[in-house]
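J.: Chain by chain, the residues:
Number of protein chains: 2
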Amino acid sequence: MTARRRHRVVVVGGGFGGLETVNRLAGASVDITLVDQRNHHIFQPLLYQVATASLATSEIAWPLRALFRDRPEVTTLLAAVTGVDLAGGRVPLDRGESLDYDTLVLATGARHAYFGHEEWEPFAPGLKTLEDATTIRRRILMAFEEAEREDDPATRSALLTFVIVGAGPTGVELAGTIAELARTTLKSDFRRIDPRSARIVLIEAGLRVLAGYPEDLSTYARRSLESLGVEVELLAPVTGCTGEGVVHGGRTLAARTVIWAAGVKASPAAGWLGAPTDASGRLKVLPDLTVPGHPEIFAIGDTVTIEGPAGKPVPGIAPAAKQQGAHVARLIKARLAGASAPPFVYHHQGSLAQIGKQRAVIDFGWIRLRGALAWWIWGVAHIYFLIGVRARLIVAINWLWIHTLDQRSARLITQGQPPVDPSTRKGVAR
Amino acid sequence: MTARRRHRVVVVGGGFGGLETVNRLAGASVDITLVDQRNHHIFQPLLYQVATASLATSEIAWPLRALFRDRPEVTTLLAAVTGVDLAGGRVPLDRGESLDYDTLVLATGARHAYFGHEEWEPFAPGLKTLEDATTIRRRILMAFEEAEREDDPATRSALLTFVIVGAGPTGVELAGTIAELARTTLKSDFRRIDPRSARIVLIEAGLRVLAGYPEDLSTYARRSLESLGVEVELLAPVTGCTGEGVVHGGRTLAARTVIWAAGVKASPAAGWLGAPTDASGRLKVLPDLTVPGHPEIFAIGDTVTIEGPAGKPVPGIAPAAKQQGAHVARLIKARLAGASAPPFVYHHQGSLAQIGKQRAVIDFGWIRLRGALAWWIWGVAHIYFLIGVRARLIVAINWLWIHTLDQRSARLITQGQPPVDPSTRKGVAR
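Chains A and B, in that order, are what the protein sequence lines are. Quick note: the first sequence uses this note's numbering, first residue 1, plus one each step. Quick note: the second sequence uses this note's numbering, first residue 1001, plus one each step.
Honestly, the hints are just simulated from the structure, not real lab data. This one's a predicted model, so the numbers in the text were calculated from it and none came from an experiment. Honestly, I wouldn't trust all of these hints.
So the derived list for chain A, only partly shown, Cβ under 7 Å to chain B, looks like this [what the hints assert, rightly or not]: (1) Thr57; (2) Glu131; (3) Thr135; (4) Thr184.
Short, incomplete list of chain A residues facing chain B, as computed with Cβ under 10 Å [said to hold, decoys possible]: (5) Ala61; (6) Val74; (7) Thr185; (8) Ala410; (9) Arg411.
A virtual CB, placed ideally from N, CA and C, is assigned to each residue, including glycine.
Whole structure, please, built from the sequences with the hints as guidance.
T.: Laid out in structure tokens, this is it:
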């Protein structure tokens, strides 16, 4: 009698979906390999707080392999996947080695997209990774530092103009937090400029901010932003990003700091499979989240598009990715037991966005909240979903400090060239 | 009657010395400009804990201008000083502008030095800035990740060999912490390698570790390191650092991670003044800390060399720089009042070094401590000297977690090239 080989599951991507798949496979008779290009899982919903100097990177990121230290059947690999060998049942890696799978789970996420204008990226970085966040943080803080040294009024004004393109949750949260940074945190810190005079401009191509929310919450969000001093420009599609600023409506808005929060593009997983996608490159998967023609391959999270309740697509948010990861784990376990499982059904638990201190919107479907109560629920919910007691304690302490003293602790200009290198004054980071 | 211009003090450098000067000048009738190339003050004594993934950058660094937000007479500038115009009483900055001074305080610190072999730096980075710390952290963590993927035993062994050059306090603290990282924090995290098999080698040219401490404490420190699994090689001057490893005694020790903790070189302040220095480039100042021939220019901290009690030079540590900063502020105030002040006298309050959990050495002069009690005093003292309640709370929480769960939260590989870029496998960082 020979020992039977255990079922091999390869999970590509350690975001919310991939992590949940591995978590929910605990106890199953499988060998799991989790591959990611980075060594850490990020709590994406708070990444904008790293970009705006409210939190440190280690408060919203956890080393992946530490999360599975007590699961000997889980191997974590820091590597880049270069494709999928469908015939061989193998995932080739960047150094020529490959991983054999019986079941493959693609949870490779998305990057920001520039509607075909990738040349805008150096001037308008997006926010997906920890490096993105520290890059944006450096640019925001350096703009104030440069302005303090600048004598030319036009240049100074461009330095003190911060443009956020896209008024979805990330754009709204960035705009609100940058406004608070300028108007409260930094207000007494400079001697030649008044940070409160900074312009924060939120540009949106559509009709309203937070388009995915009910209209009354959108209106509340816009008014809240305006009361924080954010200029909201709606129906304003951006037609160019340069070192000078942002072009829309034929005009150039002079701004040294532009942040892109306007669109995402799925990771190249669909290309690896040669499978059909939507316009944003998201894989079209079957109702059980498998790739058409490949029941052994699952794809989840921002990598895919799938219809949710009422015919609306499942949104690209953390709870959706986690539910999909849980579904995949359930189905793998059922198959190992020779059983089947019902197709994936998405349960929308609600939408939350923070605009500023004491200002947030929540849409639970059955009830809508806004203002201080919504803000407290937002805070408690986000702390609850962090991993581990330590991160929860430390984020709570940092928020307490921000709330009571308006001090943001992570105001450090690091990474990249030394701060006074002339090249950092240009649009190109790293 | 015209308003009399206030006395202008320019302080170059926001380390311990510069900060203390500005702090102690509170209430004096002076206008102060604090210039630094970075936007933050660093708590240097704990920088090695950032390099070894125990603490986050924002826990030991504070934005300089935030520290003086309530002092309207203090202007903070993020800029590089390029020299001193002695005749004009001006400090030129990197963009052609300049700062007029009545009193100039040079507190520009030191960088690590390679005994004339600057070509070793890419292979053996030193530890002075936050970027240095995250670079070293990335190298240490990447070495384990690379080893997990490596099949060749010789390469794997080189990846799992960590060499620290120089057994002063920084070298000892780095070696001890890396040993704990490998032996406890990471012990269950890998599947193909056993991190406990990592070699940590501390190489010292001199006769003993912690040469500045009494001999019994040196012996205790060496034995403690050895019990943590550190190989201590004494009387071993390094004659080369390459991408392959470290050369000493005619042999090459194959190691992918080499950290330099062997020597410092003063910043170029002496060159700006054309003033005499010691062999390490440190300015020779008068007993009142002024530069010979220039009573209006002070130099303090690691920029200078000065004799302390018993003819021994004042050590290059934080308390010495702070005492010097306080002396300068006192003398400036006295001069403004038309009085004089006694020369600078250094009071040595003690030397502390941590080796590992429950292991530290303290030399107060009148009493010497080692072991668990010394470790607790070390911890309390370091928390006490951090700035602000928030940082103290958060560092305490992180240490509690490290102490009870062996988990180090800041194990994030960030900055620089993407983790799987081949260039990170080479010796050159950034």
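J.: All the hints need checking, so say for each whether the structure fits it.
T.: We went through each hint and held it up to the structure:
1. Taken as an interface hint, Thr57 (chain A) checks out: its beta carbon lies about 6 Å from the nearest beta carbon of chain B, inside 7 Å.
2. For the restraint placing Glu131 (chain A) at the interface with chain B, the shortest Cβ-Cβ distance is roughly 6 Å, inside the 7 Å limit, so the hint holds.
3. Interface restraint check: Thr135 (chain A) against chain B, minimum CB-CB distance 10 Å, threshold 7 Å, status violated.
4. At about 11 Å, the closest approach between the beta carbon of Thr184 (chain A) and any beta carbon in chain B exceeds 7 Å, and the interface hint on this residue is violated.
5. For Ala61 (chain A), the suggested interface contact is upheld, since its CB lies about 5 Å from the closest CB of chain B, less than 10 Å.
6. Proximity of Val74 (chain A) to chain B holds as hinted, the smallest CB-CB distance being about 8 Å (cut-off 10 Å).
7. Interface restraint check for Thr185 (chain A): the shortest CB-CB distance to chain B comes to about 8 Å, inside 10 Å, so the restraint holds.
8. Contact between Ala410 (chain A) and chain B, as hinted, is supported at the beta carbon level, the nearest pair being about 4 Å apart and thus within 10 Å.
9. Hint on Arg411 (chain A) holds. Least Cβ distance to chain B is approximately 4 Å, under the 10 Å limit.
The structure shown violates the earlier hints numbered 3 and 4.
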